[in-house]
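Protein sequence lines correspond, in order, to chains Y and B.
Counted from 1, the first sequence has number 241 at position 241 by this note's numbering; the numbering is strictly sequential.
Counted from 1, the second sequence has number 82 at position 82 by this note's numbering; the numbering is strictly sequential.
Each hint should be verified, as a subset may be incorrect.
The calculated SDA-like cross-link candidates involving lysine to any residue, where the alpha carbons are at most 25 angstroms apart (straight line), are [unchecked claim]:
| id | chain 1 | residue 1 | chain 2 | residue 2 |
| --- | --- | --- | --- | --- |
| 1 | B | 13 | Y | 251 |
| 2 | B | 227 | Y | 78 |
| 3 | B | 230 | Y | 247 |
| 4 | B | 227 | Y | 58 |
| 5 | Y | 78 | B | 209 |
| 6 | B | 183 | Y | 58 |
| 7 | B | 13 | Y | 255 |
| 8 | Y | 78 | B | 214 |
| 9 | Y | 8 | B | 53 |
| 10 | B | 13 | B | 53 |
| 11 | Y | 8 | B | 210 |
| 12 | B | 230 | Y | 254 |
| 13 | Y | 8 | B | 132 |
| 14 | Y | 244 | B | 53 |
| 15 | B | 227 | Y | 8 |
| 16 | Y | 244 | B | 214 |
| 17 | B | 227 | B | 64 |
I should point out that these hints are in silico values taken from the structure, not numbers from a laboratory.
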Amino acid sequence: MDSLWVAKTGLEAQQTRMSVVSNNLANVNTTGFKRGRAVFEDLLYEQVRQVGGSTSEDTESPTGLALGSGVRVVATEKIFSQGNHMETGNSLDVMVQGRGFFQVLMPDGDLAYTRDGSFMVDSDGRLVTANGYEVQPGVSIPPDALAISISSDGLIQAKLPGQSQLSTVGTFQLADFVNPAGLEATGQNLFLETTASGTAQVGTPGLDGLGMTVQGALEGSNVNVVEELVNMIETQRAYEMNSKAISTSDQMLEYLNQTL
Amino acid sequence: MDRLIYVAMTGAKQAMRAMTTVSHNLANVATTGFRADMQSFGSRPVEGEGLPTRVNAVVESQGWNRQNGTVVATGRDLDIAINGEGWLTVQLPDGSEAYTRAGDLRVTSAGTVENGDGHLVMGKNGPITLPEFQSIFIGDEGSISIVPIGQDPSTQVQVDRLKLVNPPAEDLVKGPQSLMQLKGGESAVEDGLVRIVTGSLESSNVNAAESLVQMIQLSRQYELQLKAVKTAEENEQASAALLRMQ
Numbered sequence: 001m002d003s004l005w006v007a008k009t010g011l012e013a014q015q016t017r018m019s020v021v022s023n024n025l026a027n028v029n030t031t032g033f034k035r036g037r038a039v040f041e042d043l044l045y046e047q048v049r050q051v052g053g054s055t056s057e058d059t060e061s062p063t064g065l066a067l068g069s070g071v072r073v074v075a076t077e078k079i080f081s082q083g084n085h086m087e088t089g090n091s092l093d094v095m096v097q098g099r100g101f102f103q104v105l106m107p108d109g110d111l112a113y114t115r116d117g118s119f120m121v122d123s124d125g126r127l128v129t130a131n132g133y134e135v136q137p138g139v140s141i142p143p144d145a146l147a148i149s150i151s152s153d154g155l156i157q158a159k160l161p162g163q164s165q166l167s168t169v170g171t172f173q174l175a176d177f178v179n180p181a182g183l184e185a186t187g188q189n190l191f192l193e194t195t196a197s198g199t200a201q202v203g204t205p206g207l208d209g210l211g212m213t214v215q216g217a218l219e220g221s222n223v224n225v226v227e228e229l230v231n232m233i234e235t236q237r238a239y240e241m242n243s244k245a246i247s248t249s250d251q252m253l254e255y256l257n258q259t260l
Numbered sequence: 001m002d003r004l005i006y007v008a009m010t011g012a013k014q015a016m017r018a019m020t021t022v023s024h025n026l027a028n029v030a031t032t033g034f035r036a037d038m039q040s041f042g043s044r045p046v047e048g049e050g051l052p053t054r055v056n057a058v059v060e061s062q063g064w065n066r067q068n069g070t071v072v073a074t075g076r077d078l079d080i081a082i083n084g085e086g087w088l089t090v091q092l093p094d095g096s097e098a099y100t101r102a103g104d105l106r107v108t109s110a111g112t113v114e115n116g117d118g119h120l121v122m123g124k125n126g127p128i129t130l131p132e133f134q135s136i137f138i139g140d141e142g143s144i145s146i147v148p149i150g151q152d153p154s155t156q157v158q159v160d161r162l163k164l165v166n167p168p169a170e171d172l173v174k175g176p177q178s179l180m181q182l183k184g185g186e187s188a189v190e191d192g193l194v195r196i197v198t199g200s201l202e203s204s205n206v207n208a209a210e211s212l213v214q215m216i217q218l219s220r221q222y223e224l225q226l227k228a229v230k231t232a233e234e235n236e237q238a239s240a241a242l243l244r245m246q
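One chain only, chain B, in its complex shape (with noise of 0.2 angstroms):
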């Protein structure tokens, strides 16, 4: 068989594959602090006998798209969206720190704070946890501070504040658990400029135009790819009639 139908068959297999990336991305279009994948397809000389005319296509990650989401105001106290850059830090189940935008932030029974997919949200010394409290307040650095149960509103206590951080955007990268983590597994460290704003919540950063019109394009260029196959076979197809006995 002609080696063309193998390339070809790579680059419409690979546009398969990017589709399911454009369709994870709108998936998630309403996803509390998503940050939407990127990817774009590399090539890949096939090294061998003869001439090197043979070129596969290959998806490759670009990683995640670093444009902050739109803000948008909830009027919960507990939730909070990060203003710029920034990260909020959650924990693990295996105890490592992993960062993520998603600040829908609530108080277990135990007096735990976790963010909407239960990952315990860090302080400054470890996961961070409250006594039973009146009302909350969450300051603009990150600062928590609480009114007491039974005591007068005028008697703020702060308790602990949200480790938030700011590590480098190349080196964070998109964990299985669909959090950021550092790309050496350690942790980063703290940074007092990060801002954030209470009462709202950061959404996805999917651009739904963009992702619409790649999906076009990929539907496309998976034709392309298939025609070429289609053109293959017709080839096979045309010598083998030269051969055959009349």
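In isolation and in its complexed conformation, chain Y is listed as follows (with noise of 0.2 angstroms):
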């Protein structure tokens, strides 16, 4: 009966291989994605003899035996590459070339990460995401502005009437962590702060390995719809032969109840 059991956790895994794919390829054009990878292990091994084992009291078994029992997804991680550069001229859209995110204030007091720079302002005159949620630190636009201009080290600065020098309104800080890969991904483009993501170094964009800011450009996502299509016809396939392997040891155990 092991091989219903060890053939059904090759079913679960590419199952959620596909989830992921399928996930990747949905967010093709989602500004800011960073595409995901299911990481397979081998589960344990049953071991049925012993390698070493003796066998008399001066010869010992060469090779033993130990019977698998599957796979198991241990991880989706995310893949901080860049996505292309996407010249949108509109000029809060603000994308980071290189290492870095941008920080954003949640509702319930947390702070949250994005890639995703296509920032607006609100009723108040704040700077925030497509969602609403406030950039970290808070910038204020004057509601006369006329125009605004975002440097590449993160300053913002904004022309008001009757005025000749732009006027400094904020600046854009970025954070980093050891390792992106760690970030929790929540949805919404944001990411959060884990143990496995270390804590977050905050810095003046282009100073320190950070990323510059590219005013009226956004990140586009990361998926290489190739490599996923590519994903999706490995994942059938591996799903395919282990749904053969269910029903060729159903058939064994249907000729057992049949014959005997």
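Both chains are given apart, each in its own frame, so use the hints to dock them into the complex.
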């Protein structure tokens, strides 16, 4: 009966991988999306006969027998490679070129991190994400601002009517992590800090290894459609082979029941 | 009861057991760096009184398939595949060494390097610990270079080297942690000739077609054994009928 359950772990793992592939494909046009990847490992072995066990007083079993018990998904990790540069021309669209995340204040008071820099101004003049969460440190855009300019080191300046000089209204600070793959993805293009990611190190864009901010552009999703489609084919075939293993085991048992 | 039934039962049981291994291989058809398990049937004569007519079939492990899997490009800096023969060294929780071909590495918040299964990856002198870096590059012979945080990209610092080993395949056995270990439990010595490919992973070396054919063969073999069990039963019934009072 073991082989039925072993093959079932294969089905489950392929099913999970298929969800990851579908999620990647569904987010092929999501700004700042980072693709996921399912990581598999083989499950513990049942040692039926221990290798090196004595077969007589002075001989030992050269190979032993260990039966594996299938596969499991250990992680669905995010791959933080840079997405495409998409020119939008919108003055409040900001892209991070290189490492680093924008910091966003969640309604519960916690900080979240995002690579999605499609910012907007809310009714109070605050700079917010598309979901309405405020950027940290807070930036307020004067209501009469004629134009906004964002430099590569994150300085936000506004052109006010009747003034020839630009006035500084705020700065972007980027947060970086030792292990970005350890961040917890919460949806809404946001990530949360975890013990695996390490604590956020906040700094000025362009300094200390942080990326630069680029105004008028957004970071596209880093999903590679061709790769995902190949993954999908591979997953489907692996799924079929595992279901074949289940049906064969089932036929063996069926034959047993009918014959005896 | 005739002993035939026990011999046939052993055959059927072992075929079912072999089927578990085939299922295990198929379940791991997409596991990075996986090495397929191999097995064969051996015969075990039953010794005792009378003629030595009975021989039980027993599944014997033949170890693992030594063929290399296909190298698939992923483009991630920390994905490495071993080019040709060789193994990556990882540390088990008890401090001993084990070997794997799964090179999906990641850096933890403490700066240590783990592979996808969460085992610490070994360098020249014990587990690798990296200082904070801006970018990382792993060379063909396993050297790890980084650009330290806040430095110019031209400042490359070599911080460690992966411990790549190539012990003889016959000394390696699959441990219960599903990693390879040396038979005696000792550590392998570093081999400077092992080469890696960065930005790629090695796929599982399970041959799907072969596994499916094995499955068919095992299923037929199983039916054959059951047929023998059935025959034994019929023989028994026939002899019982002979002796039955009319």
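We went through each hint and held it up to the structure:
1. B/13 x Y/251: Answer holds: residue 13 of chain B to residue 251 of chain Y is near 15 angstroms, not above 25 angstroms.
2. B/227 x Y/78: Since the Cα atoms of residue 227 of chain B and residue 78 of chain Y sit roughly 53 angstroms apart, the hinted pair is violated (cutoff 25 angstroms).
3. B/230 x Y/247: Given pair residue 230 of chain B, residue 247 of chain Y holds - Cα atoms ~23 angstroms apart, limit 25 angstroms.
4. B/227 x Y/58: 39 angstroms, violated
5. Y/78 x B/209: 32 angstroms, violated
6. B/183 x Y/58: The hint holds at about 17 angstroms.
7. B/13 x Y/255: Satisfied, since the Cα-Cα distance of roughly 14 angstroms is no more than 25 angstroms.
8. Y/78 x B/214: 37 angstroms, violated
9. Y/8 x B/53: With Cα atoms ~39 angstroms apart, residue 8 of chain Y and residue 53 of chain B exceed 25 angstroms; violated.
10. B/13 x B/53: 20 angstroms, holds
11. Y/8 x B/210: Holds. Residue 8 of chain Y to residue 210 of chain B sits at ~20 angstroms (cutoff 25 angstroms).
12. B/230 x Y/254: 14 angstroms, holds
13. Y/8 x B/132: Cα-Cα ~42 angstroms, so violated.
14. Y/244 x B/53: 37 angstroms, violated
15. B/227 x Y/8: 28 angstroms, violated
16. Y/244 x B/214: Status holds; Cα separation ~12 angstroms.
17. B/227 x B/64: The hint is violated at about 32 angstroms.
This entry does not satisfy hints 2, 4, 5, 8, 9, 13, 14, 15, 17, going by the numbered hints stated previously.
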